[in-house]
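Residues per chain are reported as follows:
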Amino acid sequence: MNMKVLLDYDSCHGHQMCAIAAPDVFGSDEIGNAKVLITGEIPVELHTKVRRAESNCPERAITIIE
Amino acid sequence: MTDTQKPVTDITTDYDIFAPDFVKNPYPGYTEIRESQCPIAHTERYEGSWLPTRYDDVVAIAQEYETFTSRQILVMPPAAGRSEGPYAAVGAPPITSDPPDHHWHRRLILPVFAPQAVAQYEPGTRDLCNALIDEFIDKGVADAASDYAQHIPVRVISKMLGVPLTMEDEFTDWVRGALENITDAERRIKSFRSIVEYFIGEVQSRAANPREDDFITQLMNTEVEGKKVPIEYVLGVCNLMLVAGIDTTWSAIGSCLWHMAQHPEHRKQLRENPDLWPTAVEELLRVYAPVTMARIVDHDIEFQGCPMKAGDRVLMAFPAANRDPRQFENPDEVILDRQNNRHVAFGSGIHRCAGSNLARLELRVALQTWLERIPEFELIDPSSVTWAGGQVHGPRKCMVKF
Ligand code: HEM
Ligand code: SF4
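These protein sequence lines are chains A and B, in that order.
Here our numbering is used: the first residue of the first sequence is 1, the next is one more, and so on.
Here our numbering is used: the first residue of the second sequence is 67, the next is one more, and so on.
Pulled out of the complex, with its shape left as it was, chain A reads as follows (with noise of 0.2 Å):
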């Protein structure tokens, strides 16, 4: 299964909720607001964790492609 992260990032406010779920695929710029760590491919042992990364985001600015 390929997966790939998509982020608005003009619908983003910096809630941090993905980089709590997924620390190794999302981080935070110099505003705190997100920045995606891995723009291809995510390893699949990180799917799980991508998931609840756009299943806690409040602002539903996170999409998975798959």
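Note that these hints are calculated values from the structure, not bench results.
This one's a predicted model, so the numbers in the text were calculated from it and none came from an experiment.
Cβ coordinates follow ideal geometry from the N, Cα and C atoms, glycine included.
One or more hints might be untrue.
[To be verified] Only some residues are given here: those of chain A computed to face chain B with a beta carbon under 8 Å:
| hint | residue |
| --- | --- |
| 1 | Q16 |
| 2 | I20 |
| 3 | S28 |
| 4 | E45 |
| 5 | T63 |
Assemble the complex: chain A is given as a structure, and chain B with the ligands must be docked to it using the hints.
Structure of chain B with the ligands alone, referenced to chain A:
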């Protein structure tokens, strides 16, 4: 004050956020409204307001900043006299700002609150928590609210601002005057003026004797479009740091300790699975979200069947949204490893809490340090716990023994 003296007959048409029972435990009232025919309740008390209680409604209102403005953000109308005098132009940016100014009002302060920037406060916060516990650990009893929680955020903020820790009691008193005793108009005005006067002094002393790079100095030197930011902005941000950063975080720490005192199984779970901490903090914030904010309706609009008029006040009950069963399974239960948690304790949309990373850090360190030093404790008498409510909900007296 008379508004709180009449008993509430129908909560969907006459709620009273300052009624003693509601202040103590607002959740049954929120549930009653949320599951009624009118999930957006209305009251005539305190010059009138609307109270949406469903997650989707609260979030929609928070997102629609053009219709629901931040001209006023307190759950009560401003005290008479607030718009007079030399300080009238001082707000609490960015929380009281609307676009377009909101953008730069917020953008300028964000870098100091990014996760990587607030991490530097962790060791100091831990030392501070330990020092507070040292004061009472040998006694076997303590007030988890007033001996512990209350002292943590105010000292962290003082350090961040670069002002002396000796101001703690005054800051605490002013913030309570501004947010908790808000049915007392005179105290509100006095608290606001004290805050502004204090920071005018801090700004003047820095102008006369430039300091190392503290937060206030940085603010004073910030330029927007080639011009120094106005003094009202500097004073407003300082005001905001106190009113947004102290009462809120201290209430969250207090509610979490109140919870832990009654749930040995959760203390054990965290002891055995320290990896759970980040998720646990989010879950506790969901269940005990301390903050309710207001919006002012810009123009007449029908929202979910409610005829809202320009100038109406809408209370965004984030604590109610966080317990909506349409969004959260078993919403009243604390599930420390909850997987799906789009909670809005920090709000939603453009005004979403800028200080959330600092708040989380303080909450986690305060709870971790307490549980390490005092792993077993319980409430002395559940009925003697007292609460603040309305704008900010949390325990103010919470005696525990260990
Ligand atoms: C557990 C503690 C806290 C909670 C629950 C909380 C909650 C909130 C909420 C709900 C809002 C949204 C306001 C709105 O929509 O009108 C907000 C805004 C804000 N908070 Fe917090 N807060 C906390 C701690 C802090 C701390 C420690 C700071 C900083 C020192 C802070 C700074 C701010 C700022 C600057 C805003 C305004 C953001 C804007 O308008 O763009 N907060 N907070
Ligand atoms: S949880 Fe959503 S809004 Fe928050 S930082 Fe991550 S992507 Fe942005």
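Could you work out which earlier hints the structure fails to respect and list their numbers in ascending sequence? 4 and 5
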